[in-house]
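**Student:** Here's the letter readout for the chains.
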Amino acid sequence: MSVVAVSVFIFFFALVTVLGFVAAHWRKADLDSLHEWGLAGRRFGTVVTWFLIGGDLYTAYTFIAVPALVFGAGAMGFFAVPYTILVYPFAFMVMPRLWTVAHRRGYVTAADFVRGRHGSPWLALAVAITGILATMPYIALQLIGIQVVVAALGFPTAGLWGELPLIISFAILAAYTYTSGLRAPAMIAIVKDLLIYLTIIAAIIVIPEKLGGYGAIFSHVAPEKLLLKAPDGGSMNQYSAYITLAVGSALALLLYPHSLTAILSSSGANTLRRNMALLPAYSFVLGLIALLGFMALAAGVAQLPQFAGYFGEYKQNFAVPALFLSMFPEWFVGIAFAAIAIGALVPAAIMSIAAANLFTRNIYREFVKPGCTPSEETQMAKWVSLVVKVGAVVFVIALPQQYAINLQLLGGVLIIQTLPAVIIGLYTTWFDHRGLLVGWLTGIISGTAMMAAQQFKSPTYLLHLGGLAVPGYAALYALLLNLAVAVAVTLLCRAAGLRRADDETTADDYADARAGG
Amino acid sequence: MSGKSRKRLWYWLLLVPCLAVVCVPSFNRVEPAWFGIPFFYWYQLLWIPLSAVVIGAVYGMTRERGDRPGKS
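Protein chains in written order, with our numbering: chain A, 31 to 547; chain B, 31 to 102.
Isolated chain A, as found in the complex:
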């Protein structure tokens, strides 16, 4: 264990802890309202929104898992790059519209919108439950991000002592999220992002030089992993898998409750539009981080004896920590690992707030205690945010790590099934709410079945079309089934003359000051 690295690490951790509590006083307002606690009053301008969304979407696990995938699978793992390129044009078109209607109607969650737009508490419940289910393993994965770097710092990894750093960090996180709400991760995100940028800039300058340049790095990559496997007579091979993973992940990302929480907390539709042009800066960092996977491969970290135990326990997820340990001086290892660990806290805080908002708004207030006061509602959300975090800690400590990873893959397949109700719902009420609900159920069941067929280990499903095998992202295949069923059931409801539910929103609610709204 390096005293220098650990000291630097603990310094930054202590710094963000103080910031987390101080954040309660930032733009002071009544934190007893859910709008203030859970969305920080929708007042974040362009700069804070940029740090918050960036800190939220690019999680610690992303920084560990994307290079790990490139390290293991090569070119296929690079799908994260087209994925993040596709996200922002899509978000540019869609999210200002969602922000506008949510602002006008006081919606805090996607399920609030679905409730108002489609007039069905049951469809809203389906959206809320999907959101909570998809978020839980995602929070657990942030813990795994912390676990990997804490282990890499040289702390013991087994027994109570091994779990202690994790429990302490989440207890601190839970305390300041409880008192400061969304203001805490917004403030911490600024520190996190600065550390991440610093780490990556250093990494792409220092490491290639030590390894003899990019040409030398890529010469270590096996030829079959350097490019995607092209289609042959019987199969689309990696082409269809690459494209569907990129498109499906891009569509799913913004439906996650934590994405929507960060988006709804911004101060306006134009703040969001400007951000969609600025957020690719993070994608560029992510692309460079993906290349770290190849650098780890070229450095041969998996063969170094001092890392053998860690690779046994954390598999490819140890590639980047091992690379930093073998390339950086100790003090900088402290900074890089602090960046990853703090990078876990920001999304974990936002995810727990988002799950708490969903539970409180769309389950508790809708079905359990319809007449609750705003302060009772907020108190409930604060408690739920604690329960969610304790649940994630228990999950990671009690179950094998692989469960959280597999469930998070499943989470992406599930969350995309809310797209017809939420995103398509922004533009049309053509779909009957019963059609959307049956479609959602079809997507959930078929998507889960496709994942089960791969033992939940791989998100790609081998679809056979005639004689052609088309491997593709299960989420996208299940979404197509979802849409087909939603259309069919809607037509049946029409034919049967069933009464439609009322839409409480009006065309005016979607119109902001711009051409094309």
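Misleading hints may appear alongside valid ones.
Label-pair ranges, simulated between beta-carbon atoms [to be verified]:
{"no.": "1", "chain 1": "A", "residue 1": "Glu534", "chain 2": "B", "residue 2": "Ser56", "range": "42 to 48 Å"}
{"no.": "2", "chain 1": "A", "residue 1": "Lys399", "chain 2": "B", "residue 2": "Val83", "range": "49 to 55 Å"}
{"no.": "3", "chain 1": "A", "residue 1": "Ala260", "chain 2": "B", "residue 2": "Leu45", "range": "44 to 50 Å"}
{"no.": "4", "chain 1": "B", "residue 1": "Pro55", "chain 2": "A", "residue 2": "Arg529", "range": "46 to 52 Å"}
{"no.": "5", "chain 1": "B", "residue 1": "Glu94", "chain 2": "A", "residue 2": "Ile475", "range": "42 to 48 Å"}
{"no.": "6", "chain 1": "B", "residue 1": "Leu45", "chain 2": "A", "residue 2": "Lys399", "range": "43 to 49 Å"}
{"no.": "7", "chain 1": "B", "residue 1": "Glu94", "chain 2": "A", "residue 2": "Asp533", "range": "54 to 60 Å"}
{"no.": "8", "chain 1": "B", "residue 1": "Met91", "chain 2": "A", "residue 2": "Gly264", "range": "42 to 48 Å"}
{"no.": "9", "chain 1": "B", "residue 1": "Ala87", "chain 2": "A", "residue 2": "Ala518", "range": "37 to 43 Å"}
What the hints contain is simulated information worked out from the structure, not anything from laboratory work. Small disclaimer: the values here were computed from a predicted structure and weren't measured. Yeah, the Cβ is synthetic: ideal placement off N, Cα and C, and Gly gets one too.
We have chain A already, so just place chain B on it with the hints.
**Tutor:** Relative to the frame of chain A, chain B by itself:
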């Protein structure tokens, strides 16, 4: 064509970066490499800043008079 619907045409520009990165067969190759980085990788990385430029341009061209940065 009215001013508003002409402005809406700018939104189609957003399809350009999307198409550029989903046409996998067009960039799944090693050459031309750049500083030793195979084409497959630097091409896709290059589209990240290009997509930001496209989104920024669409924002600028569709912005209404009077909504400047800083107020929204």
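**Student:** Could you run down the list of hints and mark each one as holding or not?
**Tutor:** Quick rundown of the hints versus the structure:
Roughly 47 Å separates the CB atoms of glutamate 534 of chain A and serine 56 of chain B, a value that falls within the hinted 42 to 48 Å. One distance hint, 49 to 55 Å for the beta-carbon pair lysine 399 of chain A and valine 83 of chain B, holds here, with the actual separation near 50 Å. A hinted range of 44 to 50 Å for the beta carbons of alanine 260 of chain A and leucine 45 of chain B is inconsistent with their spacing of about 25 Å. The hinted range of 46 to 52 Å is satisfied by proline 55 of chain B and arginine 529 of chain A, whose Cβ atoms lie roughly 50 Å apart.
About 45 Å separates the C-beta atoms of glutamate 94 of chain B and isoleucine 475 of chain A, a value consistent with the hinted range of 42 to 48 Å. Against the hinted window of 43 to 49 Å, the Cβ-Cβ separation of leucine 45 of chain B and lysine 399 of chain A comes to about 47 Å, which satisfies the hint. As the Cβ distance of glutamate 94 of chain B to aspartate 533 of chain A is approximately 27 Å, the hint placing it in 54 to 60 Å is violated. For methionine 91 of chain B and glycine 264 of chain A, the Cβ-Cβ distance of about 46 Å falls inside the hinted range of 42 to 48 Å, so the restraint holds.
At roughly 41 Å, the beta carbons of alanine 87 of chain B and alanine 518 of chain A sit within the given window of 37 to 43 Å.
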